[in-house]
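> Below, each chain spelled out in residue letters.
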Amino acid sequence: MKKFWALFFIFWPIVALYVCLVAPSRNWWFPSAPMSSLGHQIDGLFYLILIIVTVTFVGTQVGLGYALWKGATKKPGEKAMFSHGSHKLEIMWTIVPSFVLVFISLTQLEVLANIRVLARFPDEARKTPVAEVTARQFEWRIRYPKPGTQLATEPQEGDLYFVNELHVPVSQPVMVHLRTQDVQHAFFAPKLRVKQDAVPGLVIPIWFEIEKAGEYELVCAELCGWGHYKMKARIIAESEESYLKYLSALESDQNEDGVAEQAESASAEE
Amino acid sequence: MATVTPSLGAHGHADDHAHGHHEQTFISKYVFSIDHKVIGIQFLVTTLLMLMVGGALALAVRWQLAFPWGSMPIVGKLFGLFQTEGGQISPEFYTMLFTMHASVMIFLVIIPVLAGAFGNFLIPLQIGADDMAFPVLNMLSYWFMWPAIACFGISFVASGATAGPGNGWTSYPLLSDLADAAPSSGAAQTWWLFGLTLVGVSSMMGSVNYMTTIINMRAPGMTLFRMPLTIWSMFITAILQAFALPVLTAAGFMLVFDRLSSLLPTDVHSVFFIPAGIVVNNAAPTIGGGQPLLWQHLFWFYSHPAVYIMLLPAMGMVSDMLACMCRKPVFGYKPMVYSMAAIAGLGFIVWGHHMFTSGMNPALGMTFMTSTMMIALPSAIKVFNWIGTIWDGNIKFNAVFLNCAAFVALFVVGGLSGIFMAAVPVDIYFHDTYFIVAHFHYVLFGATLFGVFAAVQFWYPKMFGREMNDTVQKWHFALTFIGMNGTFFPMHLLGIAGMPRRYADPYLHGYLEHLLPMNQFMTISAIIMGFAQFLLLGNFALSFFFGKKAGRNPWGANGLEWSAPSPPGHGNFDVPPVCYRGPYEYSSPEAEAMGQDFILQTSPPPAGYKASSNHGH
Numbered sequence: 157m158k159k160f161w162a163l164f165f166i167f168w169p170i171v172a173l174y175v176c177l178v179a180p181s182r183n184w185w186f187p188s189a190p191m192s193s194l195g196h197q198i199d200g201l202f203y204l205i206l207i208i209v210t211v212t213f214v215g216t217q218v219g220l221g222y223a224l225w226k227g228a229t230k231k232p233g234e235k236a237m238f239s240h241g242s243h244k245l246e247i248m249w250t251i252v253p254s255f256v257l258v259f260i261s262l263t264q265l266e267v268l269a270n271i272r273v274l275a276r277f278p279d280e281a282r283k284t285p286v287a288e289v290t291a292r293q294f295e296w297r298i299r300y301p302k303p304g305t306q307l308a309t310e311p312q313e314g315d316l317y318f319v320n321e322l323h324v325p326v327s328q329p330v331m332v333h334l335r336t337q338d339v340q341h342a343f344f345a346p347k348l349r350v351k352q353d354a355v356p357g358l359v360i361p362i363w364f365e366i367e368k369a370g371e372y373e374l375v376c377a378e379l380c381g382w383g384h385y386k387m388k389a390r391i392i393a394e395s396e397e398s399y400l401k402y403l404s405a406l407e408s409d410q411n412e413d414g415v416a417e418q419a420e421s422a423s424a425e426e
Numbered sequence: 371m372a373t374v375t376p377s378l379g380a381h382g383h384a385d386d387h388a389h390g391h392h393e394q395t396f397i398s399k400y401v402f403s404i405d406h407k408v409i410g411i412q413f414l415v416t417t418l419l420m421l422m423v424g425g426a427l428a429l430a431v432r433w434q435l436a437f438p439w440g441s442m443p444i445v446g447k448l449f450g451l452f453q454t455e456g457g458q459i460s461p462e463f464y465t466m467l468f469t470m471h472a473s474v475m476i477f478l479v480i481i482p483v484l485a486g487a488f489g490n491f492l493i494p495l496q497i498g499a500d501d502m503a504f505p506v507l508n509m510l511s512y513w514f515m516w517p518a519i520a521c522f523g524i525s526f527v528a529s530g531a532t533a534g535p536g537n538g539w540t541s542y543p544l545l546s547d548l549a550d551a552a553p554s555s556g557a558a559q560t561w562w563l564f565g566l567t568l569v570g571v572s573s574m575m576g577s578v579n580y581m582t583t584i585i586n587m588r589a590p591g592m593t594l595f596r597m598p599l600t601i602w603s604m605f606i607t608a609i610l611q612a613f614a615l616p617v618l619t620a621a622g623f624m625l626v627f628d629r630l631s632s633l634l635p636t637d638v639h640s641v642f643f644i645p646a647g648i649v650v651n652n653a654a655p656t657i658g659g660g661q662p663l664l665w666q667h668l669f670w671f672y673s674h675p676a677v678y679i680m681l682l683p684a685m686g687m688v689s690d691m692l693a694c695m696c697r698k699p700v701f702g703y704k705p706m707v708y709s710m711a712a713i714a715g716l717g718f719i720v721w722g723h724h725m726f727t728s729g730m731n732p733a734l735g736m737t738f739m740t741s742t743m744m745i746a747l748p749s750a751i752k753v754f755n756w757i758g759t760i761w762d763g764n765i766k767f768n769a770v771f772l773n774c775a776a777f778v779a780l781f782v783v784g785g786l787s788g789i790f791m792a793a794v795p796v797d798i799y800f801h802d803t804y805f806i807v808a809h810f811h812y813v814l815f816g817a818t819l820f821g822v823f824a825a826v827q828f829w830y831p832k833m834f835g836r837e838m839n840d841t842v843q844k845w846h847f848a849l850t851f852i853g854m855n856g857t858f859f860p861m862h863l864l865g866i867a868g869m870p871r872r873y874a875d876p877y878l879h880g881y882l883e884h885l886l887p888m889n890q891f892m893t894i895s896a897i898i899m900g901f902a903q904f905l906l907l908g909n910f911a912l913s914f915f916f917g918k919k920a921g922r923n924p925w926g927a928n929g930l931e932w933s934a935p936s937p938p939g940h941g942n943f944d945v946p947p948v949c950y951r952g953p954y955e956y957s958s959p960e961a962e963a964m965g966q967d968f969i970l971q972t973s974p975p976p977a978g979y980k981a982s983s984n985h986g987h
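As they're listed, the protein sequences go chains H and L.
If you read the first sequence in our numbering, its first letter stands for residue 157, the second for the next number, and so on.
If you read the second sequence in our numbering, its first letter stands for residue 371, the second for the next number, and so on.
These aren't lab readings, by the way, just hints derived from the structure by calculation.
One or more hints might be untrue.
Straight-line C-alpha distance at most 20 Å; calculated EDC-like pairs for lysine to aspartate or glutamate [to be verified]:
no. : chain 1 : residue 1 : chain 2 : residue 2
1   : H       : Lys230    : L       : Asp762
2   : H       : Lys159    : L       : Glu962
3   : H       : Lys231    : L       : Glu962
4   : H       : Lys226    : L       : Asp762
5   : H       : Lys283    : H       : Glu365
6   : H       : Lys235    : L       : Asp967
7   : H       : Lys235    : L       : Asp875
8   : H       : Lys244    : L       : Asp840
9   : H       : Lys388    : L       : Asp875
10  : H       : Lys235    : L       : Glu962
11  : H       : Lys386    : H       : Glu397
12  : H       : Lys231    : L       : Glu883
13  : H       : Lys386    : L       : Asp840
14  : H       : Lys158    : L       : Asp762
15  : H       : Lys226    : L       : Glu883
16  : H       : Lys386    : L       : Asp550
17  : H       : Lys368    : H       : Glu396
18  : H       : Lys388    : H       : Glu321
19  : H       : Lys302    : H       : Asp413
20  : H       : Lys235    : L       : Asp840
21  : L       : Lys766    : H       : Glu234
22  : H       : Lys231    : L       : Asp875
23  : H       : Lys386    : L       : Glu883
24  : H       : Lys388    : L       : Asp762
25  : H       : Lys158    : L       : Asp550
26  : H       : Lys230    : L       : Glu962
27  : H       : Lys386    : H       : Glu396
28  : H       : Lys388    : H       : Glu407
29  : H       : Lys401    : H       : Glu412
30  : H       : Lys230    : L       : Asp875
31  : H       : Lys159    : L       : Glu883
With beta-carbon atoms standing in for the labels, derived distance ranges [what the hints assert, rightly or not]:
no. : chain 1 : residue 1 : chain 2 : residue 2 : range
32  : H       : Val359    : L       : Pro887    : 48 to 54 Å
33  : H       : His243    : L       : Ala426    : 29 to 35 Å
34  : L       : Pro887    : H       : Val415    : 18 to 24 Å
35  : L       : Ala733    : H       : Leu177    : 48 to 54 Å
36  : H       : Val178    : L       : Ala911    : 39 to 45 Å
37  : H       : Gly215    : L       : Phe613    : 32 to 38 Å
Everything numeric in this text was worked out from a predicted model, so none of it was measured.
Glycine is no exception: its CB is placed at the ideal position from the N, C-alpha and C atoms.
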């Protein structure tokens, strides 16, 4: 029975590793390859940590498993080793992990700065925010500046509005302003690896560069009430051309109620 | 028991005790008892019952995730809450389920079972005192749990039975601040905050008591570095509590002020967390100047140290039990103490890692990231030392040991998954996904609860004079371990797949649809794990009547508590203990000279032996 329990503790890490190993092929992994430039950097760091962590996991579980197996196969009457520890080992396993941990920290700084430090945002994105995204229970309200103007903090005449669909040009860095009308929400685009809380009272800039035209999910990642799970929206990345086309279509939808056209066609008939 | 002479010094109290027993009624002996052992057992029984409540809430959460909007057993039909909906729960009910699952598990199970139950029971026994420094305060710390439980209980129904508190255990404003923000943000939230405050009062009374007792009431010879690691962990935990808790209490009061003063008919009210111009559910815009991020800072300033409050005592107890079950001294006793102290110290400067996506200054983020990375170091040192303790030991493969080994094995997972989230850029993806849910369940369940399962069995003979059935405990261990990993390991993968937490129906989103079968597997595992806990409860209850009678020292352990009768009578020790050595002299040459593999801390050095220091390298 002793051996059974030792094997029990040796067996489960193998299962755990196996599950992780087959996970990508079973689609139990990232929802897609990262679709933004920052996403690549984030995934790179993830895999770096994953390697370090896996080595540590295997090391400690093998150590534990071996110690258990040794204990389980000890001959009856054999005594336990009498030792209060070892300075050498303590120093070793203090210094080695601390170097590894500091190393991990240092590798993060660059990417963190790229994501969050406003001064390091790409210039073209920083100067012309494309839209303001306002979260509210339970939807995303998008405000684009009137074509040809800059996005202002307060709504301006001629601004364009839409709900739950954010259009951005593909292959170029874009910045959006994030805010909330009511409680706290979080802007989470899993395939872009973008996440930022929308905090009441603050306007928070975020930037990303989508590499491939397409539709990307936008969900809420901060509990915002009973409908938290329903804040489903899309980010649509498209070519500059069709992006501008979309904006002008939006503008005409918003500004022309069709009455004038009808009047015109009516007068033409007369 | 010493009479209620307030704040007699520890020595005064100890001397005071010498005169015999007073007549005790049933009420003063078992209900409003000032005996630390009874209080500890009261805490233990209460928290084990609350464990089942929290577990039931968890199973309801799991049910919804496996069979979204299906008919929920019991809740839907038996209670008749959702009769008209055919047993289908509402989304706001779901927010209540996970909120109260966390609140019950954290505030009514994990914190009180460690400090309240084992802290109370073990501190005087292990340091050789006859009771706590402040026995009445100790009694109050237990009896303040009940108003807290009552407040939490009222909060379930205060806004209607289907709208309990639903703002998460973190209760971030404004959701928790403005009554209009959600069905659950009304009276339910206020009662929840009262409950939280009362739990804090209880914990604070406990921690003041523990610190005083450990500093002042150690038996002769019980130097600081002869204290078992359990005592060190309780001591450090008490310090953490005492310094961190006031901040949470203050924050709680601020939130209560915001909420209650807004009900006043005047225009004068507090807006600690409410900025101006917020429109919730078409209510009038708020008047304010507050900042919701303030709550996050205050809340996590307590709640991050609180994670260590929920872990350190288990670390200490597991160290004790591993040494005993391996018949070996703890590997690196002093590094274990220093690393616990380091965890506690660093624990105060890492709270910002809960806020990496909050829009906090990036420079601050970098600081918090580095301190968070460094807190992994003492945790790693402890893991290595535990493995070193098991190494080449004469292992007793009983359920106590298995639970302790599981503690180590699973704590490794919880610790390592933490590194992903300490790294800010990676955390930006993982924040508020199931990855974090996996992480803290590996620490709180995988580590702490397995430590508690071991501790319950290990000290049961001392509590009740009988042993628990080891075979039943082994079954309980195996089923819980398998169920636990089946439930929580896949959560890592859900997190990587980008599934946000606190979603009543994640499958609404196309990219998560294919994860339903995995969630169903997890729910089945959780049900196995949940029902396995009846083995523990049954064993706990039945062993009280039918368990094998235990002597003073059934495990052959070294601590002072094992020199007392089982169960210890009034005043604990029949012979006032004197401590001659460290707590972990298993298999020492000195012990072998006595023909055994342990040597009680109370046994004087045999003639011809120089009194050993606590340990030499």
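> Against this structure, judge whether each hint is valid.
A quick look at each hint next to the structure:
| no. | hint | in the structure |
| --- | --- | --- |
| 1 | H:Lys230 / L:Asp762 | holds, 8 Å |
| 2 | H:Lys159 / L:Glu962 | violated, 27 Å |
| 3 | H:Lys231 / L:Glu962 | holds, 18 Å |
| 4 | H:Lys226 / L:Asp762 | holds, 7 Å |
| 5 | H:Lys283 / H:Glu365 | holds, 15 Å |
| 6 | H:Lys235 / L:Asp967 | holds, 8 Å |
| 7 | H:Lys235 / L:Asp875 | violated, 56 Å |
| 8 | H:Lys244 / L:Asp840 | violated, 38 Å |
| 9 | H:Lys388 / L:Asp875 | holds, 12 Å |
| 10 | H:Lys235 / L:Glu962 | holds, 10 Å |
| 11 | H:Lys386 / H:Glu397 | violated, 31 Å |
| 12 | H:Lys231 / L:Glu883 | violated, 54 Å |
| 13 | H:Lys386 / L:Asp840 | violated, 48 Å |
| 14 | H:Lys158 / L:Asp762 | holds, 14 Å |
| 15 | H:Lys226 / L:Glu883 | violated, 46 Å |
| 16 | H:Lys386 / L:Asp550 | holds, 19 Å |
| 17 | H:Lys368 / H:Glu396 | holds, 12 Å |
| 18 | H:Lys388 / H:Glu321 | holds, 9 Å |
| 19 | H:Lys302 / H:Asp413 | holds, 17 Å |
| 20 | H:Lys235 / L:Asp840 | violated, 24 Å |
| 21 | L:Lys766 / H:Glu234 | holds, 13 Å |
| 22 | H:Lys231 / L:Asp875 | violated, 55 Å |
| 23 | H:Lys386 / L:Glu883 | holds, 14 Å |
| 24 | H:Lys388 / L:Asp762 | violated, 56 Å |
| 25 | H:Lys158 / L:Asp550 | violated, 59 Å |
| 26 | H:Lys230 / L:Glu962 | holds, 19 Å |
| 27 | H:Lys386 / H:Glu396 | violated, 30 Å |
| 28 | H:Lys388 / H:Glu407 | violated, 24 Å |
| 29 | H:Lys401 / H:Glu412 | holds, 16 Å |
| 30 | H:Lys230 / L:Asp875 | violated, 52 Å |
| 31 | H:Lys159 / L:Glu883 | violated, 42 Å |
| 32 | H:Val359 / L:Pro887: 48 to 54 Å | violated, 42 Å |
| 33 | H:His243 / L:Ala426: 29 to 35 Å | violated, 49 Å |
| 34 | L:Pro887 / H:Val415: 18 to 24 Å | violated, 53 Å |
| 35 | L:Ala733 / H:Leu177: 48 to 54 Å | violated, 38 Å |
| 36 | H:Val178 / L:Ala911: 39 to 45 Å | holds, 43 Å |
| 37 | H:Gly215 / L:Phe613: 32 to 38 Å | holds, 35 Å |
When each numbered hint is compared with the structure, violations occur for hints 2, 7, 8, 11, 12, 13, 15, 20, 22, 24, 25, 27, 28, 30, 31, 32, 33, 34 and 35.
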